[in-house]
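Those sequence lines, one after another, are chains A and B.
If you count the first sequence from 1, position 3 lands on 1358 in the working numbering, and the numbers rise without skipping.
If you count the second sequence from 1, position 7 lands on 45 in the working numbering, and the numbers rise without skipping.
It cannot be assumed that every hint is accurate.
Stated by the list, open to error - Which residues of chain A face chain B? A few of them, derived with a C-beta cut under 7 Å, are:
id, residue
1, L1401
2, L1455
3, F1457
If you are wondering where the hints come from, they were derived from the structure by calculation, not from laboratory data.
These figures come from a predicted structure and were not determined experimentally.
Cβ atoms here follow ideal geometry from the backbone N, Cα and C, with glycine treated the same way.
Listed below, chain by chain, are the residues.
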Amino acid sequence: RKEVEQDPGPFNVPEGATVAFNCTYSNSASQSFFWYRQDCRKEPKLLMSVYSSGNEDGRFTAQLNRASQYISLLIRDSKLSDSATYLCVVPPYGGSQGNLIFGKGTKLSVKP
Amino acid sequence: NAGVTQTPKFQVLKTGQSMTLQCAQDMNHNSMYWYRQDPGMGLRLIYYSASEGTTDKGEVPNGYNVSRLNKREFSLRLESAAPSQTSVYFCASRRTGNTIYFGEGSWLTVV
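Excised from the complex, chain B in its bound form (with noise of 0.2 Å):
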């Protein structure tokens, strides 16, 4: 069982690069999410989807921008990576009132 695949695992961004976290998932959930973890900060919400169509600012959006590109698929871009974006991201999805569940990671170091 699949459930949410998430793509890269890990990438090196030079300062100014743009780049796509892609995320999938096959659990057929209506919600989807972009978290970043770094150490200390616990889990910060970036963007969620609560439905097909719809996209919501979460706690730190700036310097993110994301598609719901169908009900399957919810994608992060960093327009202009910048240092304070190395972080580890985590994409998740959610059935409504139900358990969340989470890819395996993205590691991004931006230098």
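Looking at chain A on its own, in the form it has when it is part of the complex (with noise of 0.2 Å):
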């Protein structure tokens, strides 16, 4: 298994529809993730840690299964303004100073 991997897309949904992303990591000894939003030609910007089971911000649900080692992204009621590519990012074993791991990155594109 690769260190992160994520569906590239595109998701195409229609605006108010749910979508989910997933991403799967290879160390089991991870124990803080995050989600990061990045917009075509602009650099990436974090939307939601991802400490324990899972956390929610608004429309927006990141869920954690350690068992299965993958964490989620849940958008609820899409907006045309969420389409981006959502990067997946895993610390490495030992977190703090080290490498961080980028998923390659999901394309969400939300359509009228």
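Take the two lone chains, each set in its own frame, and fit them into one complex as the hints suggest.
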């Protein structure tokens, strides 16, 4: 298994739809995870952190399944402005200073 | 709030030319990073610096050098640019265990 894997998409959904992305990781010792959002020709920005079983912020829910080693991002009531690429980020074993491992991203396109 | 500032934003180089990408952060972060991002490849780490005075190779260090000038600044140098180094370069910084913050990116084309 690759260190971090994401379905590249694109996911094309209508406004108002619910969409979910998964991200699988190989290092079972990883403790914290992140979802970043990247708009076209922009830098990645933090969307959500996932430290335990999950995290919810408005229409966005991130969940962690340690047994199966994946994290998911659920977006409810999709908006046009949600169109972006969503990157899964996993710290290295031991966390702290080392290299963060980025997935290649899942592209979401929300259509009117 | 400036955050992570990198320059230049756009640059066109001829093959064999050299240049330095500058990066500075004002968040007092220990760790700084240089990534490149290519279509279909995702973000790939070139070099990182866990603290002032230390630097380590990442996934794709060949053709690059870095300098951690002080806690704030981390520069990336291309000594002899090649067309394969055409990419978008992102500088980033992070406090231990916390969120990583990116600069706005530098678009480099090598012709």
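With a cut-off of 7 Å, does the beta carbon of L1401(A) approach a beta carbon of chain B closely enough for the hint to hold? Holds, because the Cβ-Cβ distance from L1401(A) to chain B comes to roughly 5 Å (cut-off 7 Å).
Checking hints one by one. Is F1457(A) an interface residue toward chain B, by the C-beta closer than 7 Å rule? holds (4 Å)
Cut-off 7 Å, beta-carbon criterion: hint that L1455(A) touches chain B: Since the shortest Cβ distance to chain B is 6 Å, the answer is holds.
Checked against the numbered hints above, the structure violates none of them.
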